[in-house]
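S.K.: As given, the protein sequences belong to chains A and B, one line each in that order.
Just so we're aligned, residue 39 is where the first sequence starts under this note's numbering, counting upward by one.
Just so we're aligned, residue 39 is where the second sequence starts under this note's numbering, counting upward by one.
If you are wondering where the hints come from, they were derived from the structure by calculation, not from laboratory data.
Bear in mind that the values here come from a model prediction, so they are computed numbers and not experimental data.
Errors might be hidden in some of the hints.
Only part of the chain A face toward chain B is listed, based on derived beta-carbon distances under 8 angstroms [stated by the list, open to error]:
1. P61
2. P119
3. A125
4. I129
Here a beta-carbon is modelled for each residue, glycine too, at the ideal position from N, C-alpha and C.
There are 2 protein chains.
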Amino acid sequence: MILSHMTNQQPALDRVFHALADPSRRMMVERLIAGPASVTELAKPLTMALPTVVQHLKVLEQSGLIRSEKRGRVRTCHIEPAPLSTAERWIAEQRALWEGRLDRLGDYLKELKDKEAKADGQE
Amino acid sequence: MILSHMTNQQPALDRVFHALADPSRRMMVERLIAGPASVTELAKPLTMALPTVVQHLKVLEQSGLIRSEKRGRVRTCHIEPAPLSTAERWIAEQRALWEGRLDRLGDYLKELKDKEAKADGQE
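For reference, chain A alone in the conformation it holds in the complex:
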């Protein structure tokens, strides 16, 4: 691994992309974006056993995408949007670099064309 890539951002990106790589976990995020929900509410639309739901919530919590608190017997989950921004920023950065590359390629092609047109004009 080269040094420039060993930033603090790496494990955070690993965890958030891993958390988002599952449709049930994305569904939980989508639900929690609308407002806090209990574990039971989050489990309702999913056809899976409660321990599996809890396992998914653990992955989300480890990524920082959600936090939860227990009051009495009810655990309520909340969204934490910061890790989403971290992931979005990384992707946006790649897109900007990619578009920059396309622009440079476009400039280069235009330059070639201009040179060709000039050469034609001198014939």
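Following the hints, complete the assembly by docking chain B onto the known chain A.
M.R.: Showing chain B alone in chain A's frame:
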């Protein structure tokens, strides 16, 4: 799983988020954003055995983030930016929903405050 979430986008999102959940794979994406590269070039900055590199490339290829072609003995990899856009779009959608929720919450708080001020004025 509820029906509204069983769209065609789901497996694509699973694969692209999974592909991005590893620092070596993100490094390969970053390298390929700058331009095509051979498997050997991609492996150079990574301290891992070639079969591991090939395994990572397979995950990236399955996600649609890269494509590769073999000419003679050299396999060259290229970036395919479409899956990045798919992932970026999903995140941006969640952010927009989140910001909408904050706005509504702000409006509600303002409304409460206005009502309170009115009530104070009538005392």
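S.K.: Could you run down the list of hints and mark each one as holding or not?
M.R.: Taking the hints in turn, this is what the structure says about them:
{"no.": "1", "hint": "P61", "verdict": "holds, 5 angstroms"}
{"no.": "2", "hint": "P119", "verdict": "holds, 5 angstroms"}
{"no.": "3", "hint": "A125", "verdict": "holds, 6 angstroms"}
{"no.": "4", "hint": "I129", "verdict": "holds, 5 angstroms"}
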